[in-house]
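> The lines below spell out each chain.
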Amino acid sequence: MTLLPAPTLIELRQASVAYGAVQAVRDATMRVLQGDFIAVVGANGSGKTSLLRLLHGVVAHTGSREMLRPAGVQAMVFQRPFLLRLSVWNNLRIALWLARPDTATALRDERAEQALRRVGLAALRHRPARSLSGGEQQRLALARGWAVRPDILFLDEPTANLDPSAKKDVEALLADFAADGMTLVMSTHNLGQAKRLASRVIYMDEGRIDIDLPTSDFFASGTPGRAGLFLKGELSWSIEG
Amino acid sequence: MVDRGLNRARRSAALAAACAALLAWAPTLVSAQDRSITMASTTSTEQSGLFAHLLPAFRQASGIDVRVVAVGTGQALDMGRRGDADILFVHDRQAEEKLVAEGFGIKRTDVMYNDFVIVGPQGDPAGAKGRDVVAALARIAAASGSFISRGDKSGTHAAELRYWKMAGIDAPAARVTGYKECGCGMGPALNIASQSDAYVLTDRGTWLSFRNRGNLAILVEGDRRLFNQYGVIVVNPAKHPHVKVQLAQAFADWVLSPAGQQTIAAYQVGGEELFFPNAPR
Amino acid sequence: MVPAPRILPDERLVTSVVPESFSTAFRLIVHADPALVRTVALSLAVSGSACLCAAGLGLASGAWLAVARFPGRRAVLLVLDTLLALPSVVVGLAVYLLLSRSGPLGSWGILFTPAAMVIAQTILVLPIITALARQVVADALRDGGDQLRSMGAGALASALLMLLHERWAVATVMLIAFGRAVAEVGAVMIVGGNIDGVTRVMTTTIALETSKGDLPLALALGLVLLAVVALLNVAIALFRRGAGPLAVELR
Numbered sequence: 001m002t003l004l005p006a007p008t009l010i011e012l013r014q015a016s017v018a019y020g021a022v023q024a025v026r027d028a029t030m031r032v033l034q035g036d037f038i039a040v041v042g043a044n045g046s047g048k049t050s051l052l053r054l055l056h057g058v059v060a061h062t063g064s065r066e067m068l069r070p071a072g073v074q075a076m077v078f079q080r081p082f083l084l085r086l087s088v089w090n091n092l093r094i095a096l097w098l099a100r101p102d103t104a105t106a107l108r109d110e111r112a113e114q115a116l117r118r119v120g121l122a123a124l125r126h127r128p129a130r131s132l133s134g135g136e137q138q139r140l141a142l143a144r145g146w147a148v149r150p151d152i153l154f155l156d157e158p159t160a161n162l163d164p165s166a167k168k169d170v171e172a173l174l175a176d177f178a179a180d181g182m183t184l185v186m187s188t189h190n191l192g193q194a195k196r197l198a199s200r201v202i203y204m205d206e207g208r209i210d211i212d213l214p215t216s217d218f219f220a221s222g223t224p225g226r227a228g229l230f231l232k233g234e235l236s237w238s239i240e241g
Numbered sequence: 242m243v244d245r246g247l248n249r250a251r252r253s254a255a256l257a258a259a260c261a262a263l264l265a266w267a268p269t270l271v272s273a274q275d276r277s278i279t280m281a282s283t284t285s286t287e288q289s290g291l292f293a294h295l296l297p298a299f300r301q302a303s304g305i306d307v308r309v310v311a312v313g314t315g316q317a318l319d320m321g322r323r324g325d326a327d328i329l330f331v332h333d334r335q336a337e338e339k340l341v342a343e344g345f346g347i348k349r350t351d352v353m354y355n356d357f358v359i360v361g362p363q364g365d366p367a368g369a370k371g372r373d374v375v376a377a378l379a380r381i382a383a384a385s386g387s388f389i390s391r392g393d394k395s396g397t398h399a400a401e402l403r404y405w406k407m408a409g410i411d412a413p414a415a416r417v418t419g420y421k422e423c424g425c426g427m428g429p430a431l432n433i434a435s436q437s438d439a440y441v442l443t444d445r446g447t448w449l450s451f452r453n454r455g456n457l458a459i460l461v462e463g464d465r466r467l468f469n470q471y472g473v474i475v476v477n478p479a480k481h482p483h484v485k486v487q488l489a490q491a492f493a494d495w496v497l498s499p500a501g502q503q504t505i506a507a508y509q510v511g512g513e514e515l516f517f518p519n520a521p522r
Numbered sequence: 523m524v525p526a527p528r529i530l531p532d533e534r535l536v537t538s539v540v541p542e543s544f545s546t547a548f549r550l551i552v553h554a555d556p557a558l559v560r561t562v563a564l565s566l567a568v569s570g571s572a573c574l575c576a577a578g579l580g581l582a583s584g585a586w587l588a589v590a591r592f593p594g595r596r597a598v599l600l601v602l603d604t605l606l607a608l609p610s611v612v613v614g615l616a617v618y619l620l621l622s623r624s625g626p627l628g629s630w631g632i633l634f635t636p637a638a639m640v641i642a643q644t645i646l647v648l649p650i651i652t653a654l655a656r657q658v659v660a661d662a663l664r665d666g667g668d669q670l671r672s673m674g675a676g677a678l679a680s681a682l683l684m685l686l687h688e689r690w691a692v693a694t695v696m697l698i699a700f701g702r703a704v705a706e707v708g709a710v711m712i713v714g715g716n717i718d719g720v721t722r723v724m725t726t727t728i729a730l731e732t733s734k735g736d737l738p739l740a741l742a743l744g745l746v747l748l749a750v751v752a753l754l755n756v757a758i759a760l761f762r763r764g765a766g767p768l769a770v771e772l773r
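Residue numbers (my numbering), protein chains in the order written: chain H, 1 to 241; chain V, 242 to 522; chain E, 523 to 773.
It is worth saying that the hints were derived from the structure and are not from the lab. Don't take every hint at face value.
[Claimed, not checked] Sample of chain E residues at the chain V side, in silico, Cβ under 10 Å:
1) Leu621
2) Leu633
3) Thr694
4) Gly719
5) Lys734
6) Gly735
[Unchecked claim] Label pairs and their in silico Cβ distance ranges:
7) Glu343(V) to Arg591(E): 46 to 56 Å
8) Met407(V) to His553(E): 47 to 57 Å
9) Gln657(E) to Pro478(V): 28 to 38 Å
10) Ala384(V) to Ala554(E): 48 to 58 Å
11) His553(E) to Gly371(V): 45 to 55 Å
12) Gly631(E) to Asp102(H): 43 to 53 Å
13) Ala557(E) to Lys421(V): 28 to 38 Å
Computed from a predicted structure; not experimentally measured. For each residue, glycine too, the CB sits at the ideal point set by N, CA and C.
Taking the hints into account, I'd like the entire structure generated from these sequences.
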């Protein structure tokens, strides 16, 4: 069976990000293809968040970053979601209004409703968003991201702060989104999570993209150098495996 | 859920009520000024309570509201020059005549006088007591007694400087020991004098209603030179066309008339007449 | 409200003034003398109006300054911070010169009216509202600016959303501004003229009674003013509680 290659959504060529004197990302070259579920892994400070920001286009950079589809909508979910001091419902509506200001109110409300149901927060719609539990807040952030129908959803360590059951809920949602065909780029330090969810793994070390492989290849034995050490270090105590 | 709805409604109602109250008040901001005039006068005159007695009588007689802005004589005359007042009621004859000469006032007329007194510590360490104000000041300077001056270009201050000059002493320049300028009104000056047992020149009216006397008492009074002449001047519409000249003239006419003069004489503090009407017949 | 001047025995300051002013304050409040009520109402109305007028411009400017980047921005912030220390007399004098009949806006004819007082106090509190709003928005953007930008909000939209997000902090800013306005005497004295029944407010009355030497009454009026402001704060706190426990907690 011949498969058409998936279209490229974003292409980076020798792109770098520096915050003052600190180099966060060095000469990154990679592509995000439609339908990818990329897990970006690496030690703390290896540049995962900066790579995400670079791909999302919210940070100044040198080198080339090309979006090969004009002005698509992207959304990002952060480790600690920032929610406005408004109700769950209003947080969603504002997100929709910001991303697609031309949408009719009725359509906006419908999307918000769908998003709430998708993540299972419909019953909490009028509660103050900040009164939700950690897991619920992250699910709201996911709803917020999903509602705008993004071409790419970026997630920066989305489950790092959650307890195991909340983590399970979020992972289930992400798997769901991926199954629907959404393109996801997620940074995580949880290798088990990467193995469970991602189609492709990027390993970063000190700002450089060291390895960029399909998941199965990445977790096959014999990964060389620091990446191998990283794998061993993580896997040796990562229970989820 | 119903609770929240009610709460929200209650809060919105409260906010709406507050806004409505503020809006209802707004018209008073641009207050109706049809039959009113602005009179620049001095703090000592207002604080004597004369206006609270005099102006209602005038309003009764004419229906005109007189709004008094009480400042120092210097500032009151400046208000006349700027056209910020319709009529002036101050007590510094020389400065008043100068203002009329400059064309800012139509005419200056005597209306009443009160007198100054020198108050000081009852023990009178400088031996100032008596009827002679010039001699008293000379003795105070010689004894390096504490003396509080208003130093604020007011009518009282101007009078004080005249008496020093008569005594041959240029008090501020000569830096007479014990001479202190506060740049303040009559009340604060009296407060300072009371606190520090000092001598001070004051008008009788302010002294009579002053509550915080401490150890002070009247030491010098009755000298003819201590009489403090008040003048009334209508601001000249030639310089400031907006001046409400008819209404202002109505007040001037009334206060100079027998009715106004009697009202002035009728004002008493503690059984004593404060101001002595002396409009020209 | 002010009784005709009466002759009173001399008194020692410390032992009798303070207790007398408390009892006078109590009496004044209980009897609700109409002149006093009118004076208090004028104080609240003038300062309240000034804060409302300054709020729109001040909050918007503060939000904008938090996100705008332009050459000379640092100089602007320096000037803004300096204006926080603007003496009220200086504002009063400047507005007086503007509104005087001999001044550029003399034809408005509003000198010595409450309108002039509102203008002066608006100018006085504008830097406070702007500087504090800028701080509130800048701090909030440090937390959530990334998220808002990622959601597609432009700089100004982010700033204004943060004003909404931090509405209780904004309320505190307005309270600070109101406090500054209702407590000042320099500006309203000069542009209002302290005209009895027209532009006499609490602070100018206190200044007047002080200069007349009636210190117990002056102190009593000060206590009345404080009591009124305390009442206002209680009302606001109750209003806030009505918004739900979370509004108070998540200040």
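> Decide, hint by hint, whether the structure agrees.
Outcome of the hint check:
Hint status for Leu621(E): holds, given a least beta-carbon distance of 9 Å to chain V, under 10 Å. Interface hint at Leu633(E): satisfied, since its Cβ lies 6 Å from the closest Cβ of chain V, which is below the 10 Å cut-off. Interface hint at Thr694(E): violated, since its Cβ lies 18 Å from the closest Cβ of chain V, which is beyond the 10 Å cut-off. At about 8 Å, the closest approach between the beta carbon of Gly719(E) and any beta carbon in chain V falls short of 10 Å, and the interface hint on this residue holds.
For Lys734(E), the interface hint holds, the least distance from its beta-carbon to any beta-carbon of chain V being 5 Å, beneath 10 Å. Contact between Gly735(E) and chain V, as hinted, is supported at the beta carbon level, the nearest pair being about 4 Å apart and thus within 10 Å. At about 55 Å, the CB distance of Glu343(V) to Arg591(E) agrees with the hint of 46 to 56 Å. A hinted range of 47 to 57 Å holds for the C-beta pair Met407(V) and His553(E), which are about 50 Å apart.
Here the CB-CB span from Gln657(E) to Pro478(V) is close to 52 Å, at odds with the stated 28 to 38 Å. Against the hinted window of 48 to 58 Å, the Cβ-Cβ separation of Ala384(V) and Ala554(E) comes to about 52 Å, which satisfies the hint. For His553(E) and Gly371(V), the Cβ-Cβ distance of about 47 Å falls inside the hinted range of 45 to 55 Å, so the restraint holds. Between Gly631(E) and Asp102(H), the C-beta spacing of about 50 Å keeps the proposed range 43 to 53 Å intact.
Between Ala557(E) and Lys421(V) the Cβ separation comes to about 36 Å, which falls inside the hinted range of 28 to 38 Å.
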